[in-house]
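Go ahead and model the full structure; you've got the sequences and the hints to work with.
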Amino acid sequence: EADIYQTPRYLVIGTGKKITLECSQTMGHDKMYWYQQDPGMELHLIHYSYGVNSTEKGDLSSESTVSRIRTEHFPLTLESARPSHTSQYLCASSEHGRDTEAFFGQGTRLTVV
Amino acid sequence: DAKTTQPNSMESNEEEPVHLPCNHSTISGTDYIHWYRQLPSQGPEYVIHGLTSNVNNRMASLAIAEDRKSSTLILHRATLRDAAVYYCILFGSGGGADGLTFGKGTHLIIQP
Chain L
-15 EADIYQTPRY LVIGTGKKIT LECSQTMGHD KMYWYQQDPG MELHLIHYSY
35 GVNSTEKGDL SSESTVSRIR TEHFPLTLES ARPSHTSQYL CASSEHGRDT
85 EAFFGQGTRL TVV
Chain G
440 DAKTTQPNSM ESNEEEPVHL PCNHSTISGT DYIHWYRQLP SQGPEYVIHG
490 LTSNVNNRMA SLAIAEDRKS STLILHRATL RDAAVYYCIL FGSGGGADGL
540 TFGKGTHLII QP
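Heads up: the sequence lines are chains L and G, in that order. Sequential numbering from -15 applies to the first sequence in my numbering. Sequential numbering from 440 applies to the second sequence in my numbering.
FYI, nobody ran anything at the bench for these hints, they're computed from the structure. Worth double-checking, as some hints may not be accurate.
Said to hold, decoys possible - Derived Cβ-Cβ restraints for the label pairs, each shown as a range: (1) 458(G) - 45(L): 33 to 41 Å; (2) 455(G) - 64(L): 46 to 54 Å; (3) 505(G) - 26(L): 40 to 48 Å; (4) 54(L) - 453(G): 41 to 49 Å; (5) 79(L) - 513(G): 34 to 42 Å; (6) 41(L) - 519(G): 16 to 24 Å; (7) 67(L) - 449(G): 43 to 51 Å; (8) 0(L) - 450(G): 44 to 52 Å; (9) 479(G) - 68(L): 40 to 48 Å; (10) 505(G) - 1(L): 35 to 43 Å.
Nothing here was measured: the structure is a model prediction, and the numbers come from that model. Beta carbons: idealized from backbone N, C-alpha and C, even for Gly.
In structure tokens form, the structure reads like this:
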């Protein structure tokens, strides 16, 4: 069973609010990822990290930011939420290399009203 | 990044084998073939991966063509719980972000 956790599971918030989506893993993985997925659509990589103090932007441009101060923790922040940010956000982690599997959290479904 | 092509949807009967195809004609020699699935309202779940040889695990089998331009995920005995979107992904050293790139996948429908 995957040991990667996302909180909250669901979030409804007003426009202009600052929000932080939490992601934690207990597997000691160096690589962590954030994906964004709209209903019925494919996942898009928005951020990833190779380890502590490493953050990179993914294929899809996003107004969110991430930080990696501890190996196990990879939070995503939106400074000022907008309705266009309404989506599902999925966090994942893996070991380095291509011959390895990624573990995904259950996701946070964000609705900005 | 190398691309994959999968059928939009497939339908199968419960307790029968399911063969999910994937074409990846532009695969490079160092690309691994990964399969993930996503059940409704869940995050994706790893199924299997391979490089050149066929692979088996408790969930499925992966058959890789000799020229590696296509592969097939085999579910030996489908159950209703296997209804999901299945993604075939090439994970390699191509340019761009170093993460799994998901396409639209195949929506597998299992009939009781």
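Now the hints, each set against the structure:
At roughly 37 Å, the beta-carbon separation of residue 458(G) and residue 45(L) lies within the given 33 to 41 Å, and the hint holds. A C-beta distance of roughly 51 Å is found between residue 455(G) and residue 64(L), which places it inside the suggested range of 46 to 54 Å. Between residue 505(G) and residue 26(L) the Cβ separation comes to about 29 Å, which falls outside the hinted range of 40 to 48 Å. Roughly 45 Å separates the CB atoms of residue 54(L) and residue 453(G), a value that falls within the hinted 41 to 49 Å.
Taking 34 to 42 Å as the suggested C-beta distance range, the pair residue 79(L) and residue 513(G) does not conform, at roughly 26 Å. Separation of residue 41(L) from residue 519(G) is about 39 Å and departs from the stated range, judged on CB atoms against 16 to 24 Å. Remark: the range hint 43 to 51 Å for residue 67(L) to residue 449(G) is contradicted by a beta-carbon distance near 35 Å. Between residue 0(L) and residue 450(G) the CB atoms are about 46 Å apart, so this pair conforms to the stated range of 44 to 52 Å.
Hint check: residue 479(G) to residue 68(L), Cβ distance near 24 Å, so the stated range 40 to 48 Å is violated. The beta-carbon spacing between residue 505(G) and residue 1(L), approximately 55 Å, falls outside the hinted interval of 35 to 43 Å.
Hint compliance for this structure: hints 3, 5, 6, 7, 9, 10 are not met, and every other hint is.
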